[in-house]
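As you go down the protein sequences, you meet chains A and B in turn.
For the first sequence, this note's numbering gives the first residue as 33, with consecutive numbering after it.
For the second sequence, this note's numbering gives the first residue as 33, with consecutive numbering after it.
It is worth saying that the hints were derived from the structure and are not from the lab.
A couple of the hints might just be wrong.
Since the list gives no way to pick one copy over another, a pair counts as held whenever it fits inside one copy or between any two copies.
Below are the EDC-like pairs computed for lysine to aspartate or glutamate, each with C-alpha atoms no more than 20 angstroms apart in a straight line [to be verified]:
| id | residue 1 | residue 2 |
| --- | --- | --- |
| 1 | K170 | E154 |
| 2 | K199 | E210 |
| 3 | K262 | D103 |
| 4 | K129 | E80 |
| 5 | K199 | E127 |
| 6 | K129 | D60 |
| 7 | K248 | E143 |
| 8 | K262 | E154 |
There are 2 protein chains.
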Amino acid sequence: MIMRKNIALLLEYDGSRYEGWQRQGNTDHTIQGKLEQVLEKMTGAFKEVHGSGRTDAGVHALGQVANVHLDTSMSENEIQDYLNQYLPEDIRALEIKSVPERFHSRLWAREKLYTYWIDMDEKSSVFQRKYIYTLGQKLNIELMRQSAEYLCGTHDFSGFCTGGNKKKSTVRTLKSVEMVSHESQLEIRMAGDGFLYNMVRIITGTLIETGQGRRKPESVVEILERGDRKLAGFTAPAKGLFLTSVVYDTPIFRKNR
Amino acid sequence: MIMRKNIALLLEYDGSRYEGWQRQGNTDHTIQGKLEQVLEKMTGAFKEVHGSGRTDAGVHALGQVANVHLDTSMSENEIQDYLNQYLPEDIRALEIKSVPERFHSRLWAREKLYTYWIDMDEKSSVFQRKYIYTLGQKLNIELMRQSAEYLCGTHDFSGFCTGGNKKKSTVRTLKSVEMVSHESQLEIRMAGDGFLYNMVRIITGTLIETGQGRRKPESVVEILERGDRKLAGFTAPAKGLFLTSVVYDTPIFRKNR
């Protein structure tokens with residue numbers, strides 16, 4: 033029996049080949065576009081897929097969450113199998129779950145986790161070349177930690193975002209920034225209630241400049257106060273960034289990430 | 033001062049985009065061809081690069097070894113930097129070492145180690161899709177181990193190779209086959225004094241059929257005795273295979289692999 037269902041999707045993708053999450057006019061080189069195409073093929077009707085947020089071109093996801101209202105008689109497993117059969121090999125539905133009618137992947141999201149990978153060696157393994165930013169320079173991680181402490185908390189992050197709609201609030205809560213070393217590789221984990229356009233990458237670029245000794249850890253205070261993007265660091269390359277997970281008040285998926 | 037040097041190269045490559053190690057006529061979609069091009073650009077003279085063995089199209093390497101006689105005034109480090117600057121991003125010189133005039137990467141190799149990765153889950157992570165064979169089926173590893181025991185030792189492996197020059201010996205010593213489970217992933221490590229064309233992939237295909245219960249562990253004995261390729265299993269896909277390391281009587285490189 034065909035029923036209207038609100039379906040939540042837990043997604044993994046390699047962003048290398050894509051122009052990001054958000055569907056763009058005629059092109060279909062977006063994650064959202066690919067999903068909508070396969071779902072339209074499956075049900076015969078176009079339905080908009082809502083993502084928890086828009087990942088930029090080249091950004092990867094280990095646990096993006098999306099939802100879509102479908103009229104279908106298919107079970108969760110059948111939908112997952114169908115998606116994984118027809119989606120390109122660099123996008124995968126890890127889990128599919130029926131959720132309450134009112135659930136919205138973006139509006140209901142409580143927290144998001146991102147991870148940024150930096151290689152301090154000159155050249156990374158060829159097998160990681162698309163998934164890590166090769167800086168080739170040792171960083172002072174202690175200075176980066178000090179800088180990150182100033183950034184944590186609830187602030188207007190307009191100095192750490194690109195463009196931006198002046199009518200919308202640029203206040204966000206950055207809950208934590210963790211720096212984890214793995215030999216020559218540095219992993220920066222950020223958790224927050226939401227992130228502005230390019231915010232993770234600009235914070236990362238600013239932290240890198242701090243770790244290089246090119247700016248003081250406390251320089252971020254002025255950027256927060258003045259809200260001037262020009263004062264902040266460079267936008268770190270997309271390929272080192274992963275959307276790790278999206279957290280909701282009630283866990284949706286079995287797979288714990 | 034320009035001197036004649038025999039240079040050994042420790043190489044890592046992602047074989048996905050290549051037609052294998054061996055240079056082919058006009059095309060340059062081979063690892064050997066790419067290396068020779070860059071070295072010719074560096075020294076102004078074409079010199080043949082000798083590999084320890086020919087990896088097939090799509091096979092990867094974590095520690096391939098090659099050597100080439102060059103007339104150059106450059107140091108080991110300068111050669112390495114030059115190579116890594118001009119080689120494609122999926123081929124990397126991990127280390128460069130001057131070696132005795134008579135050293136030959138293939139003739140002097142005492143042992144080679146290969147690793148084959150199988151995913152018993154239905155779909156692998158999108159980040160591993162080019163580096164693992166997705167079988168999507170549980171295997172009986174104990175049966176595979178029994179079969180592998182019959183294969184170890186010195187045998188005529190002509191039943192486990194493709195084509196082959198009838199004039200050359202097909203006797204090889206398979207020193208060990210180890211099966212290592214990582215949750216849904218199975219890693220098969222093989223060590224031997226040399227491997228025939230497709231030998232690792234045909235042994236792997238045969239072990240997979242054993243683990244599926246489609247053939248008996250002892251069926252490999254007849255394949256060894258009769259030397260009939262048609263009796264052996266399928267050729268497992270190239271993308272799951274890595275040449276891990278090449279061992280010499282005297283270690284050449286600092287990087288221990």
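Using 20 angstroms as the alpha-carbon threshold, which applies to K129 and D60: within, between, both, or neither? neither (25 angstroms within a copy, 48 angstroms between copies)
20 angstroms Cα threshold - placement of E154 relative to K262: Answer is neither: 28 angstroms inside a copy and 48 angstroms across each miss the 20 angstroms cutoff.
Can you give me the call for K129 and E80, within, between, both or neither, at a CA distance of at most 20 angstroms? Close inside one copy (17 angstroms), not across copies (57 angstroms); limit 20 angstroms.
At most 20 angstroms between alpha carbons: which applies to K170 and E154, within, between, both or neither? For K170 and E154, the Cα distance is within 20 angstroms only inside one copy (10 angstroms; across copies 40 angstroms).
Is the C-alpha distance from K262 to D103 at most 20 angstroms within one copy, between copies, in both cases, or in neither? neither (48 angstroms within a copy, 50 angstroms between copies)
What label fits K199 with E127 when the C-alpha limit is 20 angstroms: within, between, both, or neither? Intra 36 angstroms, inter 55 angstroms, cutoff 20 angstroms: neither.
Using 20 angstroms as the alpha carbon limit, work out where K199 and E210 are close: within a copy, between copies, both or neither. Neither. Shortest intra-copy (31 angstroms) and inter-copy (62 angstroms) distances fail the 20 angstroms Cα cut-off.
Could you place K248 and E143 in one of the four classes (within, between, both, neither) given a Cα distance threshold of 20 angstroms? For K248 and E143, the Cα distance exceeds 20 angstroms both inside one copy (29 angstroms) and across copies (52 angstroms).
Hint violations for this structure: numbers 2, 3, 5, 6, 7, 8, all remaining hints satisfied.
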